[in-house]
Structure formats: structure tokens, C-alpha cells
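What follows is the residue order along each chain.
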Amino acid sequence: MRALCWRGQKNVAVERVPDPKILNPRDAIVRITTTAICGSDLHLYDGYIPTMKAGDILGHEFMGVVEETGRGVTHVRKGDRVVVPFTIACGGCFFCKRELYSACDNSNPNAEVADTAYGYGGSSLFGYSHMFGGYAGGQAEFARVPFADVGLFKVPAHLPDEKVLFLTDIFPTGYMAAENCNIHPGDTVAVWGCGPVGLFAIKSAFLLGAHRVIGIDYVEGRLRMARDLCGAEVVNFEKVDLYGWLDDKTGGRGPDACIDAVGMEAHGTNLAAVLDRVKAFAHLATDRPQALRQAIMACRKGGTVSIPGVYGGLLDKLPMGAAFGKGLTFKMGQTHVHKYVPKLLARIEKGEIDPSFLITHRYNLSDAAEAYHRFATQQDEYVKVVLKP
Amino acid sequence: MAATLLSVAAKSAAGRDSAVARAVDALPQVRTNLSSPERWVSLAAGGALFGLGFDGRGPGLLSCLAGTYLLYRAATGNCLAYQALGFSTSDATAPASVIAAEHGTRVEHVVTVMKPADQVYRFWRDFENLPRFMTHLVDVDTTTDGRSRWVAKGPLGLQVEWEAELLTDTPNRVIAWKSVDGSDVDTAGSVRFTDLPHGQGTEVRVELKYDPPGGKVGSAVARLFGENPDRQVREDLRRFKQILETGETPTTEGQPHGRR
Ligand SMILES: NC(=O)c1ccc[n+]([C@@H]2O[C@H](COP(=O)([O-])OP(=O)(O)OC[C@H]3O[C@@H](n4cnc5c(N)ncnc54)[C@H](O)[C@@H]3O)[C@@H](O)[C@H]2O)c1
Ligand SMILES: [Zn+2]
Ligand SMILES: [Zn+2]
Chain A
1 MRALCWRGQK NVAVERVPDP KILNPRDAIV RITTTAICGS DLHLYDGYIP
51 TMKAGDILGH EFMGVVEETG RGVTHVRKGD RVVVPFTIAC GGCFFCKREL
101 YSACDNSNPN AEVADTAYGY GGSSLFGYSH MFGGYAGGQA EFARVPFADV
151 GLFKVPAHLP DEKVLFLTDI FPTGYMAAEN CNIHPGDTVA VWGCGPVGLF
201 AIKSAFLLGA HRVIGIDYVE GRLRMARDLC GAEVVNFEKV DLYGWLDDKT
251 GGRGPDACID AVGMEAHGTN LAAVLDRVKA FAHLATDRPQ ALRQAIMACR
301 KGGTVSIPGV YGGLLDKLPM GAAFGKGLTF KMGQTHVHKY VPKLLARIEK
351 GEIDPSFLIT HRYNLSDAAE AYHRFATQQD EYVKVVLKP
Chain B
1001 MAATLLSVAA KSAAGRDSAV ARAVDALPQV RTNLSSPERW VSLAAGGALF
1051 GLGFDGRGPG LLSCLAGTYL LYRAATGNCL AYQALGFSTS DATAPASVIA
1101 AEHGTRVEHV VTVMKPADQV YRFWRDFENL PRFMTHLVDV DTTTDGRSRW
1151 VAKGPLGLQV EWEAELLTDT PNRVIAWKSV DGSDVDTAGS VRFTDLPHGQ
1201 GTEVRVELKY DPPGGKVGSA VARLFGENPD RQVREDLRRF KQILETGETP
1251 TTEGQPHGRR
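One line per chain: the protein sequences are A and B, in this order. Last residue of the first sequence: 389 (this note's numbering), numbering continuous. Last residue of the second sequence: 1260 (this note's numbering), numbering continuous.
Source of the hints: derived by calculation from the structure; they are not laboratory data. There could be a bad hint or two in this list.
What the hints assert, rightly or not - Below, simulated PhoX-like cross-link-like pairs (lysine-lysine); rule was C-alpha separation at most 25 Å, straight line:
| no. | chain 1 | residue 1 | chain 2 | residue 2 |
| --- | --- | --- | --- | --- |
| 1 | A | K97 | B | K1153 |
| 2 | B | K1153 | A | K339 |
| 3 | A | K163 | A | K326 |
| 4 | A | K10 | A | K279 |
| 5 | A | K301 | A | K326 |
| 6 | A | K154 | A | K339 |
For clarity, every value in this text was computed on a predicted model and none was experimentally measured.
Construct all of the structure, not just a fragment, from the sequences and the given hints.
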């Protein structure tokens, strides 16, 4: 089959590789009909994630049709049309039983590595480095899905791929980020980052009853989407004094909740941000938490900082004193996708949201390397790229 | 500089004797396998570990094979295990060790399995299941009279065998065993099962003891097998839990990939 393989920093290529096989009784093979490139894939592309090997197949947002099932699979069968959460969960461990699917104990063959890095490691992810399980991803013609009874969700025939594809990651991620804000009627939520995750966070905050949502970015094309397609008030943080602007917009109190939908590669121009770049370059720090710093500083007293943006290692100059002094609540983590798929699918079916609004570009899988390059360098235009095998 | 920083950070985080510390010592050999591990000081140790373990070469391999239950009878021929494990069902709930600590290597680990105690107990009690999660074991055959024949992977492709007898067997609570007197290998072990309230599963606490080997050959064997018994037992228990909770152990062995 054809598959998009990681070759090294800023280097990916579509290669011919063997088709995947059933390796465990609970596996299924899915023939992929639509897949996408995620902002998280850019962290891999930019070389920020360790334990990658040349030849690793990328991709964790994919859907398709069940092609084959292992003898332990009972709930899905050949021919079912399914979406696949990007987190791999067993369904039977302590964490899965509490719906903390991304903390699954049993899906990572390299759990020891993740335990060493984090104290206790979380679930595996498709196509996202060997520390996170080393599973081949879904920017390919076929993929093997472990624990298929838990990790495949059937979707109704009348909903086209592009309406349900984002149930695999970014819609649940934006939704969980908003849910973590503990929104009350009348609340104002500020969202750093108007990429796919941020845009879904904005939509979700409204679905969950926020009165006002503010979108923050510096890429005009994305700010426009936040305003025109998601109903947010928007601000370009490079053009204003952000704290003053937010303070003014919130009657001198600050947003009730702040969402960091940027993560470890935040862009910034002030001194702390420049120091971050120098330090990351010199290996003294690993992440550039500029958006997170701002979210903490801007948040109102007793508010919530919700962090769907990915962080991996060590962070420097986080204003912990401000967080403590204001009594903030922090919520974060990989999305418990399995928990959200059924309820968000229901919202799509009811017409409350059509996630396909996000798609800006469509490519054939064969041209995926080109799509990566453009997605990484032309953020203004390229917001969400969908690939067709 | 990066490599030095990396080593110091990883070692101090992981402790001197850990697999990570050893992996990091061998880091220069594996750095080319990694995207740019020095970018993530805290995680690069994991990368190094991965590089070693998954290449299937280098010092990690031997520690992967570490046969933690193996031991060669000490030069004295004194069987410590017998006296250490001479306990009755009455102390099945006592927290005290069932294995004397002052001699040999003792490893203790605990894991919680989300299944009722009777099911967890039954799986372990059938010693023939043990090679499914203890990777150094090739085979365990139970015979009549509560005895069992254990075959383990030895160094240089050799196999090591011994016979074990049950010392204690209290259903759903505790199992203890030791190698019979006169075996080539002197080992003892126990596993306790504690049913947790509110359907929180079963706590499984495993203790294993093995004597130091005697003589020149014995110490060579000990070095090969005993490099990191602690890690070995922890990983064995992880597999045990995975089999009970999911019916399989996760793997990516045999999946496709592009040009390496
Ligand atoms: N928690 C999860 O399970 C999960 C799932 C998917 C994605 N993510 C993460 O969420 C984050 C966003 O994902 P995405 O797909 O939207 O990525 P993206 O890269 O497309 O979007 C990030 C946006 O943040 C903007 N930005 C950069 N610096 C900023 C700053 N200082 N302040 C405000 N905005 C800034 C960028 O211009 C961009 O529009 C990433 O870190 C991704 O890895 C997490
Ligand atoms: Zn993603
Ligand atoms: Zn699980």
C-alpha cells in the first residue's frame, strides 16, 4: 500500500510499504477512505517529538471501512463504516472504565519508556512516535486498529466522510477543552490559537453555553475563520497590548476561562519568547510556553486554564505565582476521544454542527508530502488538509 | 554539551542503577536512531532506552533476557529458600516479607488488575500460564502431587530447568512455591491477592527470591541474567495485567513501515 512516512526533520515521503496484518485477536484492518493532517503532526514534522524512527507511518485522524477482523472482535465486522479515535484504549483497565481513555494502561507496548518519562505513561496514539506506542498511523491506504471493539465507532451511511472525520481527534479535543472550562451561562472564554483545535473549542464553548468567546492568534486567515465561521470576537496579539485589550473587553475582570490551543511551539515576539527559542535551541528547555504564560496571566481570579495544546517536556518561566495567587484551576491532557464520539456524533446528526466547515484543502494521499510542506509554511491559507487515499 | 546534559538529567531522574542510566551510558551509539533527542532533555532518556531495546542489540538485550527467577545454588549448597518460605496460611495477610531479605536477591512488585480475585488467582495458580507473561520462561509443566517443572532461557542459548513445589495455596489469597531441594536452581516466590472494595479489582503483590550463584561460572551467569531483575519483574507483571484485562499483550511487531 501507499503510506506517508516520516524520514527526519521536515522530511516526509509517500512510500510503498507492505499492507498491515492482524497481529492480535482484537485487531481489525481498516481500509481508509479519508484521513487528515493535524497540527500535532507538525510537532513531528518539525522534529519536536523524540523516539521517532525513519520509516514510521504518520497519521492519527482517519476513517474508513472495516476490511478484516481478528477472532476476538465481536462488535464490528467487515464492511462497517467507522471512525477511529486517535488514542488507543483497551476498554477494560481502571482508566478506561472511568472514561479516561487517553490514560489507558494497556495499549502501549513501550509503556516502560513512557513511565520513565512521565512517572506513569498514558495510552498509545496512532502514528505518534515510539514513546507513544509506535503504532503505524493512518495517512495510508490501510491501518491496523487494536482493540477494535473499543476503538472503532460505526457512523451512519447518510453522513459523508468529511462531516464525521474530525470525530477522530480535533472536534472532541476542542469540545473537551471547552467542557474542562466548567462554563456557566454568561461566561467569557478566551481561546489562544485559532487552528483546528482552537476553532472547535470556540464552537464548543458556544454549544456549552458561553456568552462570549474571544479568539486570539496572529494569522489573519485563521482569525477570520474564528470570526466569520465560529462567531468569536477576535484579536491579533501582535497588533495590540493583549492584556490591556482583554482587560478592557471583560470589564476589568479577565476572562472566566482561558484555553491554550497552541501548545509547545507557540509563536511570540516578546523577550520571554525570544529566550525560549534560544533555550530550546541550546537544549535547556524543551517547550515554548508563550501562549500558556499569557493564558495564566490573563485569566480572572478563580478561573480555569484549559490546555488542549500539547506539551512534552520541561517548561520555563511559567507564572506559577500568578496561578496560585489567583487560585486558578488547571485542566489538560490528551483527549479522551472515545468518551466524546457518541455524544458529538449525535450533535452532528441533529445538525447542531457541521465540522466540515474547517476544511480548506484536499489532496490525494500521493501528494501528502507537498501538503505537509504547505500546511507547515502557509498557515494563513492552510487550516485543515484532508487526504484521499 | 547536549549529550552530557542529557545524561546527567536522565540519570538523576531515573536513579543510578536503572535501565535508563545504562541506556544513557550507551547513548552515543543510538543517537543516530533518534530524531533529535537532545531537544527534549526529560524524554530523551526514554528515546535512548527505546533505541537500545528495539534494535535488539547492545546491552539492553541481556537485561531484557534477565531471568529473574534463576539462580545457581550457592557454593555452600545451603538452601535458604526453604527456611525463608516456611510460612503457613495463617500469615497469608501479614505484610511482612515471606522471604528472608538478608541473603540473595529479593524483588517485590505490586500491580492492580481490574478483575475479581478468584479469576486473577486462578490464572496464576495454573503455572502453565506463567510463560505467557514471564518472558524468560520457556515452559512450565505441572505434574501431579502439586509439583511443577520449570524451563527457562539460559545464557548462550542454554536452557535451565528445575522442579518446584507448592508451599502454600489459599484460594484467592496467596500462592507460594520454591524449587525442590537438590535443584540446580534455588528459587522461591509468593504472590498475594487482595480483593479491593467497590469493584476496584485485585491488588497482586509478588515477591521473588533467588540466591547468589557460586563459583566463577555462577557469577558470570548472574551478571548475564541478573542485570535488572527489578525491571524484569515489573514488565512481567505489566504483561500479566494486560492479559487478564484485555486478553492479549499489545504489540507492533510485524506492522508495516517505510525504509528505515
Ligand atoms: N490534547 C489533545 O489531545 C490534542 C489533540 C489534537 C491537537 N492537540 C494540540 O493542540 C494544539 C493546536 O492544534 P491545531 O491542530 O489547532 O494546531 P495549529 O498549529 O494548526 O494551530 C495553532 C495556532 O496557534 C497559533 N499561535 C501560535 N502562537 C500563538 C500565540 N502565542 N498565541 C496565540 N496563538 C498562537 C498559530 O498561528 C496557529 O493558528 C497543538 O499543540 C496540537 O498538538 C492536542
Ligand atoms: Zn491530531
Ligand atoms: Zn484501558
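Q | Unsatisfied constraints (hint numbers, rising) | A | 1, 2, 3
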